[in-house]
Amino acid sequence: MTALRTLLRSPGFAFAVIVCALWVIIALFWPLLVPYGPTEQLLGSRYTPPSATHWFGTDNLGRDVLSRILAGSRSVLVVGLASTALAVAIGTTLGLVAAFYRGRADEWLMRSLDLLMAFPIVVIASVVLAMLGPSRLNLVVVIAVMLAPYNARVVRSAVLSWRDRDFVAAARMRGESGPSILFRELLPNIVGTINVEFTMRLALSIFAVATLSFLGFGIQPPTPDWGLMVAEGRPFYQIAPWVVVAPAAAIASLVVAINVVAQKLRSS
Amino acid sequence: MTVAEVLRVDGLTVEYRTGAGVFTAVRDVTFGIRAGEAMGLVGESGSGKTTLGMAIVRYLAGNGRIAAGSVHYEGTDLVGLDARALRRIRGNDIAMVYQNPASALNPSLRAGEQIAEVYREHLGLGRDAARERAEGMLELVRLPDPHSAYERYPHEFSGGQKQRIVIGMALAMDPNLLILDEPTTGLDVTVEAEIMELVADLRAQLDTAVLFISHDIGLVARVCEQVGVLYRGELVELGPTERVFARPTNPYTRGLLACRIPTGASKDTGRLRPLPQVAADPGPDACSFEPRCEFRTDRCSSEHPDLYDAGGQHSRCFYHPDVRRAGAPTVAAVSERPRAATAASTELLEVRELRKVFGSGRRQIVAVDDATFTLAPGRIVGVVGESGSGKTTLARMIAGLEEPDAGTVRLHGSDVTRPAHQRDVAARRALQMVFQHPDGTLNPAHTIRRILRRQVQMLSDDRTGRDDAALADLLRSVHLEPEHLDARPRQLSGGQQQRVAIARAFSTGPALVLLDEPTSALDVSVQAAILNLLIDLQRAEQASYVLISHDLATVRYLADDILVMRRGEIVEQGPAAQVFDSPQEPYTRTLLSAVTARAVDVGPVVEPGDAGGGAVSV
Chain P
1 MTALRTLLRS PGFAFAVIVC ALWVIIALFW PLLVPYGPTE QLLGSRYTPP SATHWFGTDN
61 LGRDVLSRIL AGSRSVLVVG LASTALAVAI GTTLGLVAAF YRGRADEWLM RSLDLLMAFP
121 IVVIASVVLA MLGPSRLNLV VVIAVMLAPY NARVVRSAVL SWRDRDFVAA ARMRGESGPS
181 ILFRELLPNI VGTINVEFTM RLALSIFAVA TLSFLGFGIQ PPTPDWGLMV AEGRPFYQIA
241 PWVVVAPAAA IASLVVAINV VAQKLRSS
Chain G
1 MTVAEVLRVD GLTVEYRTGA GVFTAVRDVT FGIRAGEAMG LVGESGSGKT TLGMAIVRYL
61 AGNGRIAAGS VHYEGTDLVG LDARALRRIR GNDIAMVYQN PASALNPSLR AGEQIAEVYR
121 EHLGLGRDAA RERAEGMLEL VRLPDPHSAY ERYPHEFSGG QKQRIVIGMA LAMDPNLLIL
181 DEPTTGLDVT VEAEIMELVA DLRAQLDTAV LFISHDIGLV ARVCEQVGVL YRGELVELGP
241 TERVFARPTN PYTRGLLACR IPTGASKDTG RLRPLPQVAA DPGPDACSFE PRCEFRTDRC
301 SSEHPDLYDA GGQHSRCFYH PDVRRAGAPT VAAVSERPRA ATAASTELLE VRELRKVFGS
361 GRRQIVAVDD ATFTLAPGRI VGVVGESGSG KTTLARMIAG LEEPDAGTVR LHGSDVTRPA
421 HQRDVAARRA LQMVFQHPDG TLNPAHTIRR ILRRQVQMLS DDRTGRDDAA LADLLRSVHL
481 EPEHLDARPR QLSGGQQQRV AIARAFSTGP ALVLLDEPTS ALDVSVQAAI LNLLIDLQRA
541 EQASYVLISH DLATVRYLAD DILVMRRGEI VEQGPAAQVF DSPQEPYTRT LLSAVTARAV
601 DVGPVVEPGD AGGGAVSV
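Sequence order for the protein chains is P and G.
Under the working numbering, the first residue of the first sequence carries the number 1, and numbering increases by one thereafter.
Under the working numbering, the first residue of the second sequence carries the number 1, and numbering increases by one thereafter.
Okay, chain P solo, but in the shape it has when bound:
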């Protein structure tokens, strides 16, 4: 707790936490906050530039960009958090198992993960999503599977520094099973590492969600989504730049804020 207090005293960290918290509040309560319905088409007001009535202007169908951004925060955060949680759960388990049992299982596991890591996330994900069809669930699973190896590696090396301590030997001598040693004895000691990992992967995963939506493999129209909004606005960038700039800024603010939090957590 004292460590957290020290962290919050750093202005960069505090600001980043506030930005993240704002997005979470928006994602939870956007129906109360939006000035217009996110899919509501205001006839006769296509490509309205930012003004007092439409802070971020309107798009090609006359929809309020601000409302769509606020509404779009939910899908980005839900898919991002879900895929990160799944990735960390898979990666942590694999990392624990590989580090604890070592030997051939470790070799096979780590080499397979290396293979997976050799491919860029977005390339593999777009191929898989093209085959499975775009859906929120598929998006979550694909991103999780692609991110898990990174997590597994970090967890494995963290566990390696703990597994040969005498308290593990003491646990074996009282007859603890393998899973019990993994999850009761070792896991609690790497919680800090996992927290940092989670935050770092979250930023990556949100960026991946936005990228895949931009490419058309993620959230489908007319659902408001940041990546999709950038894609939809792109052809009209010359006449209505705000349609692209606003969601891009939203993505950047969230990803950068999470990254700042992750960096500070890691160095503390």
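Some chain G residues close to chain P (C-beta under 7 Å, calculated; not the full set): (1) Leu-401; (2) Ala-420; (3) Met-433; (4) Phe-435; (5) Leu-442; (6) Ala-445; (7) Leu-459.
Here are some chain G residues pointing at chain P (derived, C-beta under 8 Å): (8) Ala-399; (9) Val-425; (10) Arg-428; (11) His-437; (12) Asn-443; (13) Pro-444.
Negatives, chain G to chain P, calculated, CB over 10 Å: (14) Ala-61; (15) Ser-148; (16) Val-191; (17) Leu-198; (18) Pro-284; (19) Ser-493; (20) Pro-586.
To be clear, the hints were calculated from the coordinates, so they are not data collected in a lab.
None of the values given here were measured: they were computed from a predicted structure.
Quick reminder that beta carbons are idealized off the backbone N, C-alpha and C, glycines included.
Given the coordinates of chain P, work out where chain G should sit on it, guided by the hints.
Frame of chain P; chain G shown alone:
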């Protein structure tokens, strides 16, 4: 101040800035060392001895600073010196050897070149001349075959050899002052004996002044003419080694000496006298040792003593004449001879032709080779040997933590040669282990309550835990308080952590406890308390111990029988008295002579008692 003093430390005070405020690690320390003289600094961990050694050459951590005082090296005050001049003195005149030999060597440079570099830098010698001198130094520090040793890299040497190379580097610059900080900690006794002999030789040859920092009183007594005793950053006693250790005038020195195991003593000769462990800081207006002192009066809690002249030595105690008069500390004789272990018809532990090979192909190492021995109920067997002799592997195979390649382990007559978690609950309950490193033995993420409760739960037949009252009793049995149940391991001292580990091992009444270097990571004063505790528990529970230790005094004190291991083989076994007094094997003799050489005339004597069998010579 004597003119010939190489080093003069005056009123040195060192502070560390920490999250909790300013911590004074060294307070107003004053002493001097003359050329060719060796001065020892002894004290428990946390006494500030390493900080003092670092502060002398101004190698303090970033948050440390010299708050007051001066350090004069041949008349120059190092405290006020600019970085360049300081570097020149550190490089040319003062050499340092620190505890961990591996970190002092560059792993990517050949051993000989690291010494040759010193000659090139300091004497401006050419390549060939430097090499010649470096090989000479390798010979001087007694590395076998200096010519080929020159070409080898640090990882190709053993720990003791690496430390010799570091000492060679330190001596290559022909220093006027050599600072040794625990130079042999972690090395085998035989290696330690050689290194200390080497330092003594070199001192005689080169007239180097030596500052020797160690927790090991016996070693300091053997090497140094002068000794300073540090307690909480202060010198509490200072004087000629013989006087200080034979007639201590400070209660702390006396207490430190009293908790040592007397040479040749065994658990039947007498109980050890640990110093009371008190964490409380009495504050600046009291004697720092007051809470633990047996000579304390009201004055001690209201006034801070100076370093008084106590006739030939100096002591920071108001009552130094009383302390001197109290004489050498004694070991309390046991009033009641323990019942001899009943000769049972069945052996508790039978180890048959146990064998373990590590690695494969050409890099195979036979860690344990056909080890066979038996242990009767209620007996303590000590396993001795140098590091790498296979003692720990043997214990881990018995514990079920390492799978043997051949051989059997029988407990109470039934075969338990399989991994610990595959043994039945009765076998697991009967065989427990206490480990070497107190900081690794308890899971830092768990509370003491959780650690003990889980142990009891896993080893009970019905997997029920015990209530807090039972766990509190368990803690009391190892002299800890029930409040410690809520603590996490890092909130406890090393000694307290080891007590919890002992409580864990004894929680379900084991018949056999494996003790792997149970006290080697602890201060002497704590060591004595833990050894007493282990003896009490052993007698109360009628348990057997397999004690693994490189410290022969500890083994001699605890063990009824001895196994001597060398390169994986048991080379000698027999009753402790027989093995120690008339060793049959040449290797055992070498091992013992290394220890006898250390056993100088310090430490407690045994009080004549009705059962003690008279005084034991020390």
